[in-house]
Amino acid sequence: MSWEFKLVAGPYESPLDGPCWDGQGLLFTQVMMPAAARENRILRYDPATGETTDFRYYTHRVMGLALSSTGTLYGCQSTSRRVIRFDADGSAWPMAHKVDGEYHNEPRDLIVDRKQRIWFSDPHAPLPGSRPQFASRVPYASILRIEAPANRDSPVQRMTFDTNAPSALTLSKDEKTLYVSENSTQPEGKRELRAYPVRADATLGVCSVLASFGSDAQGIHPGIRGMCLDRNGNIVACAGGSENGPGPMIYVFSPKGRVLGTCLVPHGEPTNCAFGDADLGTLYVTTSDGRLYRGQGATAAAHR
Amino acid sequence: MIAEAFQPAFWDLVAKEVSISRVSTGYVFTEGIMWHSQKRYLVWTDIIGDKILKWTPGVGTSLLMGPAGHPDGTFIDRQGRLVVAGWGSRNVWRLEDDGSTTVLATHFEGVKLNTPNDIVVKSDDSIYFTDPSNGIRHPGHQDGDIQKYLDYEGVYRLDPATRKLTLLVKGGVNPNGLCFSPDESLLYINSQRLGCIHVYDVKPDGTIANERLFAELVGTDPGGPDGMKCDVHGNVWCTGPGGVWAVDPKGNALGRIRVPEHTANFTWGGDDMKTMFFATRKTIYAATLNTAGIPLP
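Line by line, the protein sequences are chains A and B.
Heads up: the first sequence runs through residues 2 to 305, numbered per this note's numbering.
Heads up: the second sequence runs through residues 19 to 315, numbered per this note's numbering.
Because the hints were derived from the structure by calculation, they are not lab data.
Possibly wrong hints are sitting among the right ones.
[Unchecked claim] 30 Å max Cα-Cα, derived DSSO-like pairs, lysine-lysine:
#: 1; chain 1: A; residue 1: 191; chain 2: A; residue 2: 257
#: 2; chain 1: B; residue 1: 72; chain 2: B; residue 2: 57
#: 3; chain 1: A; residue 1: 99; chain 2: B; residue 2: 130
#: 4; chain 1: B; residue 1: 69; chain 2: A; residue 2: 99
#: 5; chain 1: B; residue 1: 300; chain 2: A; residue 2: 99
[What the hints assert, rightly or not] Part of the chain A face toward chain B, derived, beta carbon under 7 Å:
#: 6; residue: 82
#: 7; residue: 92
#: 8; residue: 93
A quick note: this is a predicted structure, and the numbers were derived from the prediction, not measured.
From the three backbone atoms N, C-alpha and C, an ideal C-beta is built for every residue, glycine too.
Use the sequences and the hints to build the structure in full.
Written out as structure tokens, the structure reads:
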């Protein structure tokens, strides 16, 4: 399994993330803009014209993006500690932001299920938050779920109780399995691809560890930063680091955790990926060094 | 000792043995503190608690309004009404005597304001306010639209008759507190991020000119330029590291009053206008000074 990657946007001055196909174009985020620029932004690559345009300014550290089945765009505004909704008129709105009565942490990645509930990872981010911060972080780092995003006072449920550094997440097509990347930067922490059964009562069952990433005397082997599913339900994941270990690459895991293939990106470390184009057959990959790649040639494609 | 002199002249303003007492506590982030001279009460905002409170000597504290759009700075106009920098509501508004509210400004040239932070009313009823954007980014400060639209953080003058806004300062960095000199010939504007106060000449048409650096308030203690007011002698008092600093009209820092909590704003009050009330994170404190503030309205 391999893709032929072509650089279609960038290189920009800072890491890219949040690739999200909007039906006709590929949205992605530039998280850290240079000083005096317009404070982070969302860009949009249009494969029909090959052009990349600014989609939204002043997004202030929005990491993951997700589009709901009804066409609503959401983003994880990391250091503002909230999931926000981007409306077509240019406005942006904060979602419910308290779990167990407290402000949640810094959201990283998200997905919207068919009931329009927002599942998101809520790690403790390495970047300092917008100051002054009046609320301490919650004493855990979990997958959380906003039950009714249209309601500003929606309950936010804590879904995982065994995560310490949740990063990427995605749902299987039948929404009966939640895939989570636990991606600790600590040597003693875990870096695992996990599959949690979504139970009928909408809680999560005990997870299966599909893959794990280790460490050595040089340091940790970075785990999965971003992932999506292909048409066959396989997990396409961006993992690995340049410093040591197997190296940065795209992995394709079967739902059971078998490695079906790996693929290198031409430059940098892949940060996140999403399928796009009319047939959802093209894999878009963002990188740590500000590049957006468009990968074609592999047979598998996304279901959503 | 809570008073700390940098220059001996500070002891003309504050007694060495000055002490501080607690007025009211139990808030999240108090701001916008003002003394209503006619009605003889203290008013302040709790930005995150999302309310406006009132304290009457001998009576105590009561809720004046809440929720209140996460209000920040306030001022009292000549009619005795509270005008409010709507930090979370992204506007400038006025609380009327009957308890209703009047929105005075929401946009500049059709573009939504950032997060109005602090506000003063000149004796001709024109309203001056700062509009930094950091309120948009803080969790819990906003319930509505959190998109930033303006490419700058401005300082504005609102014309009392037409309610038209004039952009006075466009290139500012995080403008925060502002106040006039007693004769209204000067306007002081501070920047929390830069840790300094700039001063401008006020022109007859109400616009300002001749920006120059007035003072830098530098230190390792928590706090920085935020709330700012002149005393009757024209000394500029401004929150800074460790509490509230006094700066003489030439820009020399004279000393500071150390406040037990991070202080965002303050006001003079009481019948002789010599009690300074401090708005900190959780608590309102008071201390009696030798120098008086300018009564309002």
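Consistency of the hints with the structure:
1. With a C-alpha separation of about 19 Å, the suggested pairing of residue 191 (chain A) with residue 257 (chain A) holds against the 30 Å cut-off.
2. Distance restraint check for residue 72 (chain B) and residue 57 (chain B): the Cα-Cα separation of roughly 11 Å lies within the 30 Å cut-off, and the hinted pair is therefore satisfied.
3. Between residue 99 (chain A) and residue 130 (chain B), the direct Cα distance comes to roughly 27 Å. Compliance with the 30 Å bound is thereby established for this hinted pair.
4. For the hint pairing residue 69 (chain B) with residue 99 (chain A), the CA-to-CA distance comes to about 19 Å; that is within 30 Å, so the pair holds.
5. The hinted pair formed by residue 300 (chain B) and residue 99 (chain A) meets the criterion: a straight-line CA distance of about 21 Å does not exceed 30 Å.
6. Against a cut-off of 7 Å between C-beta atoms, the interface hint on residue 82 (chain A) holds, since the closest Cβ of chain B lies about 4 Å away.
7. A cut of 7 Å between beta carbons decides the hint on residue 92 (chain A): the least distance to chain B is about 4 Å, and the hint holds.
8. For residue 93 (chain A), the interface hint holds, since its Cβ comes within 7 Å of a Cβ in chain B; the closest pair sits about 4 Å apart.
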